[in-house]
Structures are given as C-alpha cells and as structure tokens.
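Protein chains in written order, with this note's numbering: chain A, 52 to 477; chain B, 52 to 477; chain C, 636 to 796; chain D, 636 to 796.
No lab work stands behind these hints: they were computed from the structure.
Treat the hints loosely; a few may be bogus.
[To be verified] Below, in silico cross-link-like pairs of lysine to any residue (SDA-like), each with a Cα-Cα straight-line distance of 25 Å or less:
(1) A:K337 / D:T736
(2) D:K759 / B:R472
(3) A:K236 / B:H332
[Claimed, not checked] Covered by chain B, per the in silico footprint, the following chain A stretches (three or more residues, Cβ under 8 Å):
(4) 161-168
(5) 346-354
[What the hints assert, rightly or not] Incomplete in silico selection of chain D near chain B, CB under 8 Å:
(6) C675
(7) D677
(8) T698
(9) G701
C-beta atoms are modelled at their ideal positions from N, C-alpha and C, and glycine is treated no differently.
Below are the chains, spelled out letter by letter.
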Amino acid sequence: MWLPLFAASMHDLAKHAPAAIDWAALRRDFPILNQEVHGKPLVYLDSAASSQKPRQVIDAIVHYYEHDHSNVHRGIHELSNRATAAYEGARERTARFLNANTPEEIVFTRGTTESINLVAATWGERHVGAGDHILITELEHHANLIPWQQLARRKGAELLYIPVQGDNGRLDLSRLDELLTPKVKLFAFTHISNTMGTVNPAAELCRRAREVGAVTLVDAAQSAGHCLVDVQEIGCDFLVFSGHKILGPTGIGVLYGKPERFAEMPPYQTGGEMIVSVDWHEAKFKPAPHGFEAGTPHVAGAVGLHAAMDYLDDVGRRNIWEHDRDLAAYTYTRLSELPGVRLFGPGTDRAGLVSFLLEDVHAHDLVTMADGHGIALRGGHHCNQPLHRKLGVKSSARASFYFYNTREEVDKLIESVEKIRAFFAR
Amino acid sequence: MWLPLFAASMHDLAKHAPAAIDWAALRRDFPILNQEVHGKPLVYLDSAASSQKPRQVIDAIVHYYEHDHSNVHRGIHELSNRATAAYEGARERTARFLNANTPEEIVFTRGTTESINLVAATWGERHVGAGDHILITELEHHANLIPWQQLARRKGAELLYIPVQGDNGRLDLSRLDELLTPKVKLFAFTHISNTMGTVNPAAELCRRAREVGAVTLVDAAQSAGHCLVDVQEIGCDFLVFSGHKILGPTGIGVLYGKPERFAEMPPYQTGGEMIVSVDWHEAKFKPAPHGFEAGTPHVAGAVGLHAAMDYLDDVGRRNIWEHDRDLAAYTYTRLSELPGVRLFGPGTDRAGLVSFLLEDVHAHDLVTMADGHGIALRGGHHCNQPLHRKLGVKSSARASFYFYNTREEVDKLIESVEKIRAFFAR
Amino acid sequence: MDVDFEELYQSVILDHSRKPRNFGPLPDPTVTVAGDNPTCGDEIALSLKIDPQADKVAGVGFTGSGCSICMASASLMTLKVKGKTRAEAGALLNDFQGMITGKTPEAEIPKALGDLRLLSGVRKFPQRVKCATLGWHALKGALAQTEGAAKFSVDPKDADL
Amino acid sequence: MDVDFEELYQSVILDHSRKPRNFGPLPDPTVTVAGDNPTCGDEIALSLKIDPQADKVAGVGFTGSGCSICMASASLMTLKVKGKTRAEAGALLNDFQGMITGKTPEAEIPKALGDLRLLSGVRKFPQRVKCATLGWHALKGALAQTEGAAKFSVDPKDADL
Ligand SMILES: Cc1ncc(COP(=O)(O)O)c(C=O)c1O
Ligand SMILES: Cc1ncc(COP(=O)(O)O)c(C=O)c1O
Chain A
52 MWLPLFAASM HDLAKHAPAA IDWAALRRDF PILNQEVHGK PLVYLDSAAS
102 SQKPRQVIDA IVHYYEHDHS NVHRGIHELS NRATAAYEGA RERTARFLNA
152 NTPEEIVFTR GTTESINLVA ATWGERHVGA GDHILITELE HHANLIPWQQ
202 LARRKGAELL YIPVQGDNGR LDLSRLDELL TPKVKLFAFT HISNTMGTVN
252 PAAELCRRAR EVGAVTLVDA AQSAGHCLVD VQEIGCDFLV FSGHKILGPT
302 GIGVLYGKPE RFAEMPPYQT GGEMIVSVDW HEAKFKPAPH GFEAGTPHVA
352 GAVGLHAAMD YLDDVGRRNI WEHDRDLAAY TYTRLSELPG VRLFGPGTDR
402 AGLVSFLLED VHAHDLVTMA DGHGIALRGG HHCNQPLHRK LGVKSSARAS
452 FYFYNTREEV DKLIESVEKI RAFFAR
Chain B
52 MWLPLFAASM HDLAKHAPAA IDWAALRRDF PILNQEVHGK PLVYLDSAAS
102 SQKPRQVIDA IVHYYEHDHS NVHRGIHELS NRATAAYEGA RERTARFLNA
152 NTPEEIVFTR GTTESINLVA ATWGERHVGA GDHILITELE HHANLIPWQQ
202 LARRKGAELL YIPVQGDNGR LDLSRLDELL TPKVKLFAFT HISNTMGTVN
252 PAAELCRRAR EVGAVTLVDA AQSAGHCLVD VQEIGCDFLV FSGHKILGPT
302 GIGVLYGKPE RFAEMPPYQT GGEMIVSVDW HEAKFKPAPH GFEAGTPHVA
352 GAVGLHAAMD YLDDVGRRNI WEHDRDLAAY TYTRLSELPG VRLFGPGTDR
402 AGLVSFLLED VHAHDLVTMA DGHGIALRGG HHCNQPLHRK LGVKSSARAS
452 FYFYNTREEV DKLIESVEKI RAFFAR
Chain C
636 MDVDFEELYQ SVILDHSRKP RNFGPLPDPT VTVAGDNPTC GDEIALSLKI
686 DPQADKVAGV GFTGSGCSIC MASASLMTLK VKGKTRAEAG ALLNDFQGMI
736 TGKTPEAEIP KALGDLRLLS GVRKFPQRVK CATLGWHALK GALAQTEGAA
786 KFSVDPKDAD L
Chain D
636 MDVDFEELYQ SVILDHSRKP RNFGPLPDPT VTVAGDNPTC GDEIALSLKI
686 DPQADKVAGV GFTGSGCSIC MASASLMTLK VKGKTRAEAG ALLNDFQGMI
736 TGKTPEAEIP KALGDLRLLS GVRKFPQRVK CATLGWHALK GALAQTEGAA
786 KFSVDPKDAD L
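Between the sequences and the hints, there should be enough to build the whole structure, so can you do that?
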C-alpha cells in the first residue's frame with residue numbers, strides 16, 4: 052500500500068540523490084521565509100493550508116505580466132499568441148506532472164474545491180440517481196464531502212462513509228467489501244488526509260472501485276506537491292488539486308479527468324471560450340478541456356503553476372516526500388515524549404504533517420501562543436468538523452511541513468509547546 | 052441617458068483636472084508597453100479583451116507573496132491574519148469602488164463569466180419557472196447570453212431580446228414597453244457593448260425593470276474600469292465585472308448583489324470557508340459574501356485588484372472616460388474618411404472602442420497584417436456570434452483603448468489600415 | 636515568555652477560564668441564546684432569567700466550551716450582567732465592544748468594566764477578538780428577545796456586536 | 636510592407652482566395668463534410684465524389700467563406716486532390732500537415748506539394764495555422780467515411796490533422 056508511490060514505473064524520477072540536495076539553498080528561494088513575526092524568526096508550519104512561493108514562481112508571474120499578457124485564444128496578434136502558448140503550455144506541463152496521456156485530460160479550475168464541485172454538478176448530476184450510493188471516507192476535507200452530501204440530498208442518493216478507526220487516522224478498510232458494492236456510482240477519497248496525515252492506498256482503492264463499476268475521484272490536494280502522483284498508476288477517473296498548495300499562485304487548480312468521463316458530462320459554466328457556435332436560442336459546446344473553462348482563464352495562475360511544477364520536479368518529488376516525512380516523523384517522536392500530548396494520525400507511514408492537542412490547553416490558545424514564538428501553526432477543525440466530532444474534540448493544532456522546513460524549526464516548535472504547557476500549568 | 056454617468060452625486064470624483072494629467076507618465080507605469088513586436092513598437096489596442104497591468108499592481112502581488120501570503124480565515128497566526136486582512140480589505144475597497152453600501156454586497160469570483168453563472172445557477176434556478184420571461188439584449192457577450200439561454204431551456208422559460216437597430220449598435224428601446232412586462236423575472240444587459248461601444252442607459256433600464264418587478268443584472272465588464280459605476284445610482288440588483296479588464300490580475304472578478312437578493316439564493320459551490328457547520332449528512336451555510344466563496348480564495352488576485360482600483364481612482368475614472376472616448380471618436384472619424392471601411396456602433400456617445408471592417412478584406416487577414424505593423428487588434432466575433440450574424444458578417448476587427456493609448460497610436464493604426472487596404476487591392 | 640502573552644493570559648483570565656463562574660444550566664430561563672464560532676468550534680449557550688417587574692437580569696448561566704479567552708470573557712460577563720437592567724446591560728455591551736475592538740482609546744476604557752478590562756490585551760490579537768466576543772454576541776441576542784430560545788453563528792470576521 | 640507578410644500573402648494565394656477553384660456545390664457527392672472554426676466564423680463544406688471502382692476522388696467541390704489563407708488553402712487542396720486515390724490523398728494530407736505545422740524542416744518540404752508550398756509561410760504565424768487547415772480537416776473527415784454527410788468544428792488550438 053505504501054510502495055506504489057515509488058514504483059519503478061514512475062515517469063518522473065528524482066534528478067538528485069537526496070544527499071546532494073542543498074535544502075538550505077532551496078529555502079533561500081522563498082523570500083517570505085526570511086522575516087520576523089512578533090520579533091521572532093518566522094517558522095512557517097502551515098503549508099498544508101497553503102504553501103509559500105519560491106522566487107522562480109513569483110518571477111514567472113511578473114515576467115508574464117511585464118511581457119506577454121493578453122487575453123488567450125481570442126486574439127490573433129502576437130501577445131495573444133504568447134498568452135495562449137503560455138496557458139496551453141501550462142496544461143501540457145500539468146499533464147506531464149500527473150503522467151496523464153494528453154493535455155486534453157487537464158481542465159484548469161480555481162482549485163480543488165471548484166474541481167470537485169464541477170464533477171458533482173456535471174458528472175454527478177447526470178449519473179447519480181435516487182437509491183444510488185456515493186461512497187466517501189470520514190477523512191474527507193469539507194471540499195470532498197459537502198458537494199457529495201448535497202448531491203445525494205438533491206438526488207435521493209445515499210452517502211456512505213468508510214469509517215476512520217480512531218485517533219490513528221487509518222481507514223477501516225475491512226468495511227470495504229460491504230460498502231463498495233455495485234450500487235456505488237462514485238467513490239471519492241482523499242489521497243492524503245489533511246488532518247491525520249494518513250496516506251490512502253489510492254491505486255488499490257481505484258482497482259476495487261473498477262471491479263464494481265464505480266467512478267473514482269482522488270483528492271490530491273495534499274499529495275500532488277509532496278509526492279509523485281501518477282494518474283495512470285492510480286487508475287482514477289478524476290483527480291483534483293490546488294495550485295496554491297504546491298508552490299503555485301492562488302486562484303488556480305486542476306481537474307484531471309479521463310476522456311471517457313469528460314465526454315459524458317454536460318457543460319458546467321457557460322460563456323465565452325467554451326462554445327463552438329451560438330445562436331439566439333441554442334448553443335453548441337466544445338469538448339474538454341475548453342468546454343469546461345468558460346470565460347477568460349487565470350492565465351497568470353497557469354503560468355505560475357507551470358513554474359511551480361518545474362521547481363518541484365527539479366528538486367524531485369521523491370526527495371521532497373522523504374524530507375517532509377522525516378520532519379513529520381521527528382515531530383511525532385518528539386511530541387510523543389512530552390506529557391499530556393494527544394497525537395492524531397498513524398504513527399508510521401504518515402505524510403508530512405502532525406496534528407496534536409495539549410491536555411487542558413485549547414488549540415486556539417496553543418496556536419496564539421506559538422504565533423508569539425514566531426511559529427505559524429493551524430488551529431481549528433481543519434475543514435473536517437464531523438471527524439473532529441467523532442474523535443470527541445472541537446479542534447486541534449497542526450504542524451505541516453514542506454521541504455523549506457528544517458529540523459531546527461521542529462526543535463523550536465517543541466520548545467514552544469513545552470513553554471505553553473508550562474504556562475498553562477501555572 | 053448619457054449624463055447619469057457623471058451625475059454630481061458621484062462618490063468618487065476625479066482628483067485631477069484632465070489638463071493636469073501626464074498621460075505619458077502614466078503609460079510608463081506599464082512595463083509591457085515598452086517593447087517591440089515584429090520589430091515595431093507595440094501598439095496595444097486590445098484592452099477590451101484584457102487590459103495591461105501597471106507596475107503598482109504587479110508590485111502589490113509580489114509584495115503579497117513575498118511578505119504576507121498564507122491561507123485566509125482559517126488560521127490564527129500572523130500571516131493568516133495579514134492575508135485575511137488583505138483579502139477582506141480588497142472587498143471593502145471594491146464596495147467603495149462601486150459605491151455599494153457594505154462589503155457584504157461584494158462576492159469575489161473568477162470573473163464576469165463566473166459571476167453571471169453564479170446568479171443563473173442560484174437566483175435564476177430558484178426564481179425562474181416555466182412560462183416566465185428572461186429579457187436580455189442582442190448586444191450581449193456570450194457570457195451574458197448563454198447562461199440565460201440555458202436557464203430558459205432548463206426551465207421552459209422564454210428568452211427575449213431587445214433588438215439592436217443595426218450597424219449603429221443602438222438598442223431599439225421603443226420595443227421596451229412590449230418586452231419588459233410583469234412576466235419578466237430577470238432583465239440582464241450590458242452597460243457598454245464590447246462589440247459596438249454602445250453605452251446603455253443603465254439607471255433608466257433598471258428603473259423600468261423595477262416598475263414591473265424584474266430583477267436586474269448589469270454586465271459592467273466594459274464599464275467598471277472606464278467610467279464611474281455607482282450601483283446605488285444605477286439601482287441594479289446585481290452587477291458584475293472582471294479584474295483583468297480593469298488593470299487587475301487574471302482569475303478574479305466581482306459579483307455585486309443586493310442583500311435581499313443574496314438572502315434568497317441557495318449556495319453555489321460548496322466546501323471549505325462557506326460553512327457554518329457540517330455533519331455527515333447535512334450542512335449549514337454562511338450568508339453572503341462568504342457563503343458564495345467556497346474553497347481557498349484567490350487572495351493575490353484580490354490584492355492586485357485592490358491596487359488596480361486605487362490606481363484607477365488616482366487617475367480618476369472621469370478622466371479615463373474622457374480620454375478613451377476621445378481616442379475612439381478620433382479613430383471613428385479617421386476611419387470613416389477611408390474608402391471601403393464599414394464602421395459599427397454609434398457615431399456619437401460611444402465608449403472607447405471601435406469595430407470595423409475593410410471591404411474585401413477578411414478581418415483575420417486585417418488583424419494579422421496589423422500585427423505585423425506592431426498593432427494588436429482583435430479580430431473575430433468578439434464573443435457575440437448571433438449579433439454578427441444579424442449584421443451579416445462573420446467577424447470584425449476591433450480597436451479598443453485605455454488611458455495608456457495615444458493619438459499617435461491611432462495615427463499608426465490608420466496608416467496600417469491604409470497599407471492593408473492597398474495591399475489587398477493589388 | 637513574551638510580554639504580550641503575559642498580558643493576554645493574565646492569571647485572572649486563566650482562573651476564569653478554568654473555573655468559569657455562573658457555569659451550568661440555569662433553571663427556568665426566560666431566554667436562552669446559543670452561539671458558535673464555526674471556525675474554531677467554540678460554543679456558548681447563555682441563559683438569562685429576567686425579572687419582568689424591574690426588567691432586570693435576575694439570573695444568568697452559561698454552558699459550552701471554548702478557548703480560555705472565550706470562557707473567561709463569558710464568565711466575567713455573567714458576573715457583571717447580573718442585577719443589571721436591560722438598558723444597563725446594553726451599555727455594558729457597548730463599553731466592552733469599544734474596548735475589545737480597539738475603537739475606544741486605551742486611556743478612555745471605562746472604569747465601570749472592572750475586571751473585564753483585563754481582556755483589553757485581546758485588542759492586539761485581532762484573530763482572537765471573536766473568541767472574546769462569542770458570549771457577548773449571545774448576550775446581545777438574549778437582550779433583544781423577551782422569551783424563548785434562539786441560535787446563531789458568528790461570522791469569523793465579524794467582531795461587531 | 637513587411638517581408639514576412641509578402642511571403643504569407645503571395646500573389647498566388649491572394650488570387651486563389653479571390654477566385655477559389657472548384658468552388659460551388661458538387662452535384663451528387665459521395666460524401667460531404669462541413670467544418671467551421673468557431674473562433675473566427677470561417678466555414679468550409681467539402682464534397683467529394685468517389686469512384687468506387689478505382690477508389691479515387693473523381694470530383695471535388697467546396698463552399699463556404701473564410702479569410703484569404705483559409706480560402707486559398709482549400710482551393711489549392713481541391714486542385715491537388717482530384718484524381719488521387721484515398722491512400723494518395725492521405726499521403727498528401729500528411730505532407731501538408733508536416734509543412735504547415737513546421738514539423739517538416741524547410742529544406743525537406745516535399746516537392747510534390749507543388750503550389751501548396753506557397754503556404755509554407757503560414758508556419759511562422761501559429762495563430763493562422765488553423766485557417767490554413769480548415770479545408771484539410773474537412774478532407775480528412777471526408778476520406779474517413781464512405782458516404783453521407785458529417786459536420787465538425789475545429790478546436791482553435793488544434794493544428795493536428
Ligand atoms: C461585455 C462583456 N461581458 C462579459 C465578458 C466576459 O468576461 P470574462 O471573460 O472576463 O469572464 C466580456 C469580456 O470578454 C465582456 O466584454
Ligand atoms: C485534502 C484537501 N482537500 C481539499 C482542500 C481544499 O482546497 P482548496 O481550498 O484549495 O480548494 C484542501 C485544502 O484546504 C485539502 O487539504
């Protein structure tokens with residue numbers, strides 16, 4: 052279940068041996084990290100909410116606006132041509148990033164949330180009916196929960212959940228046989244849990260779904276920028292992620308879809324760019340990807356995303372994965388040595404984030420005090436209210452890592468948590 | 052019909068007398084304009100498709116990514132706080148820009164197209180039924196046509212058009228009494244036509260709509276960045292525009308709505324940021340604006356839009372309006388002096404753009420050759436196929452202006468058109 | 636430890652957050668208003684017993700859970716509000732709002748707020764203002780109705796009472 | 636006038652665009668394929684009469700309207716395709732595609748393309764490649780079917796035949 056992420060067939064193997072990577076130099080590519088907050092050096096441990104951007108991505112956006120901007124597709128002048136090439140080039144780059152077969156399998160959206168809503172409102176609206184089942188998991192972010200919940204309510208379909216075992220954050224896959232039946236029209240699940248750090252066996256789950264004829268959607272928001280994500284290896288029908296979490300700009304996201312799926316979907320938003328022909332009372336629409344991209348697209352977002360993917364593959368996603376996981380494992384171990392700490396998610400095989408709670412200290416108080424120490428954590432329900440409710444907590448604190456973080460920063464976190472514990476124990 | 056744009060009650064009067072403005076200095080704020088294409092200095096006359104960006108907007112985006120980026124609303128650490136303040140500050144700025152009553156009347160979207168789709172899929176879906184009428188005009192961009200056409204088809208409603216008189220691009224408002232009846236649930240129209248340069252009497256049309264109880268949507272894509280747009284003076288229910296056409300970044304747009312209207316709309320996309328509470332099988336949603344903004348928003352887009360609105364109001368939208376109109380009037384006059392030129396849109400009271408055709412020269416050939424002279428024009432149906440069909444043409448060429456354009460550039464355009472005419476007359 | 640945080644988490648505040656006063660269900664309440672802050676999951680239900688003759692708050696109780704700022708603020712509020720008339724309670728609410736949002740300059744914070752003034756440090760932490768005001772939102776709702784029960788949610792960016 | 640444009644709009648091309656050959660409806664066509672380019676509104680309907688014995692293009696005609704590149708390319712194509720077998724026409728199509736997209740190096744552009752080689756200047760104008768290929772998309776569609784009528788639209792970015 053773990054190995055497939057690194058199967059030998061991966062299209063995009065790391066370019067450097069891990070030892071050769073100068074992580075400190077990479078960190079210097081991120082201007083924002085070089086600052087103090089509240090008089091302390093910034094320790095940014097909230098990359099699962101949104102990653103920071105390297106100079107290369109910022110520069111690509113600036114270069115675009117300073118040299119090549121124009122509307123795309125519509126013009127036949129030089130700048131329009133360049134903007135179109137930049138936009139479609141980003142699509143090709145994204146296809147390579149995911150090892151998709153063709154750029155036509157890539158639709159640009161605002162982000163993970165819009166990608167999922169698009170699928171729910173088009174594929175879901177057309178293919179899910181009364182009595183059908185939609186299967187998701189208790190690990191899902193609200194973005195991969197509410198659209199299906201609302202679709203199920205609209206259609207009279209049933210929304211089923213693969214349960215989480217408990218604090219360890221693992222899915223109870225022993226229930227799969229019983230839940231993943233031929234009644235399931237769509238099976239949507241997160242690749243990596245943003246709360247628990249659980250890594251789900253995506254390829255295996257998709258294989259099982261195919262056996263019962265269920266269409267699959269993989270929420271790769273937490274995985275796309277952190278490990279290799281190969282849609283052919285995973286074998287999903289849809290896969291979604293957000294640019295802003297993988298070093299890219301805000302406002303851009305990706306929907307990968309199999310051509311067969313796109314072909315059976317009605318349009319989503321309508322307007323310019325997505326039509327073949329329009330008459331006063333009828334219109335004909337383009338196929339994917341353009342048929343699902345109405346209006347002027349976020350060209351600068353696509354350009355920045357392109358630069359982000361180049362950056363990630365230059366570092367090597369395998370290396371990033373090892374680096375982030377190492378920090379998370381170290382954090383997990385250090386925190387588990389402190390008294391009164393409740394840890395969430397699996398003890399082994401976890402992704403690069405750790406959620407936890409301090410006994411008798413509300414997560415908000417913890418995060419506020421850590422902020423005073425320069426440490427940016429997230430506190431709250433991490434957009435998974437019902438899971439928190441199931442675990443009997445209102446909120447938790449989360450430290451999430453990227454390759455620009457260091458062990459020294461984890462040490463600062465531990466020091467901060469110890470101080471906070473002492474302070475509230477007064 | 053013309054004057055209201057400048058009524059004395061405007062909230063945002065120009066800060067400079069027109070004479071005092073150093074337009075050449077302003078132009079130097081736009082790095083992209085300082086380049087050659089095909090060995091000729093770039094003459095960018097395609098701002099109606101997308102405007103260029105001043106250094107101030109680019110800098111605001113860079114500053115945001117280099118100092119303040121983080122996810123919004125979700126965090127309680129310093130950067131998250133700053134990002135939230137930046138995002139909500141842009142909302143307040145937009146409310147002021149439109150003279151809306153409160154920031155809660157402003158929803159951020161990807162652009163005009165998404166704003167209109169949002170209204171069609173929520174307000175429209177709920178309030179338009181079989182036999183109802185939706186009224187639009189023959190001037191509409193596909194973005195303000197297809198969503199209503201598709202809604203009408205879904206609902207069995209009737210889509211009616213206020214006709215365009217002909218090449219002069221004016222609406223035949225003598226038909227209004229007959230078309231704008233109490234059966235009309237929604238009346239959507241463009242403030243300024245992107246093809247014809249027609250300026251519609253928005254306040255008057257909204258007043259008429261109120262008399263029959265129709266809800267109004269004003270497409271301000273071509274007006275928001277070019278003249279004062281005051282939602283209270285116009286008296287519309289909804290107003291929409293795109294950031295990228297008003298000096299702002301790509302991927303961000305605005306939906307203004309009256310609180311009464313927002314209150315009667317179901318949510319659009321669902322997910323994070325827009326919920327009050329979520330349980331496994333039900334969810335409660337926030338009111339506007341956050342209830343219509345699911346997922347991580349385009350924070351950098353809002354930040355850039357904020358800077359763009361500051362820039363525009365610093366120059367003064369009244370001044371910009373006069374400047375752009377002057378260029379268009381000059382272009383219209385010069386083109387009308389050439390033989391074999393067919394001009395579209397009103398001869399007087401036109402906005403800052405001119406569409407035209409050269410006898411026996413296809414618009415594509417014209418635009419390609421003009422590009423060779425360094426001049427960026429648009430050629431095509433400008434996202435209004437049925438209007439072009441009505442006028443008996445497949446496509447047209449369009450020169451559209453912004454305050455960074457000059458009379459010298461118009462002279463170059465005229466020179467280019469003359470050369471092209473001569474070339475094809477060989 | 637940072638000076639700011641000493642100020643934010645003074646011992647009186649920690650004390651109130653650990654042992655909130657008037658905590659627990661109020662028997663026979665005239666009004667009950669429950670509020671939550673969806674961002675962090677904090678929840679407060681405030682009950683008032685109104686003496687109809689005097690139009691005074693004769694009894695007060697609250698339940699729920701939240702961070703220390705939220706709990707301490709609600710606890711301190713209940714101490715202050717008991718025995719006040721509707722109008723007096725409304726004035727208190729205004730004073731508190733002025734202080735917590737920073738609209739009232741430091742030097743002009745009314746003495747009448749008493750121990751509530753210990754929460755003035757919150758104004759330096761805009762992201763925590765909503766924690767300090769959750770109980771007060773409930774109070775505002777409760778004062779606005781004459782009987783019955785109501786529910787509301789606080790918009791995460793809404794610090795106005 | 637710019638050298639590039641002289642090349643793009645050579646007089647043969649202007650001539651064909653003004654007086655397209657084989658223009659007009661073909662009586663009793665075996666197949667008819669209509670295509671349009673939604674971006675610019677150009678439309679071409681191409682009809683072929685196939686001699687079933689020889690599997691040869693016995694007759695060809697086209698209707699529609701478009702820019703000079705589009706019309707000239709279609710006109711020149713009809714001249715070349717008449718009398719060819721299906722296989723030969725397919726080879727022609729490949730040669731043309733290689734040239735127009737720039738995949739074939741300048742020096743290797745097949746002589747067999749004849750006057751069509753005058754369109755090689757288009758490869759320097761990526762935004763116009765789709766104009767030059769509209770009629771060829773129709774040809775590809777027509778060769779792929781044995782009888783009847785079909786319609787299609789060209790994706791604006793799609794230059795592949
Ligand atoms: C009048 C009008 N409406 C709508 C649009 C669509 O705007 P966007 O493509 O930014 O969504 C445009 C611009 O193309 C326009 O000119
Ligand atoms: C697993 C997961 N899914 C979906 C999302 C939503 O992403 P976005 O807010 O960028 O649409 C997130 C991030 O918040 C996430 O972590």
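Status of the hints after comparison with the structure:
1. A:K337 / D:T736: OK: K337 of chain A and T736 of chain D at ~23 Å, within 25 Å.
2. D:K759 / B:R472: Holds: K759 of chain D and R472 of chain B sit about 22 Å apart, inside 25 Å.
3. A:K236 / B:H332: holds, 18 Å
4. 161-168: holds (count 7)
5. 346-354: holds (count 7)
6. C675: holds, 5 Å
7. D677: It holds, given that the least Cβ distance between D677 of chain D and chain B is near 7 Å, below 8 Å.
8. T698: Not OK, violated: T698 of chain D not within 8 Å of chain B, min 14 Å.
9. G701: holds, 7 Å
The structure fails to meet hint 8 from the earlier list, while all remaining hints are met.
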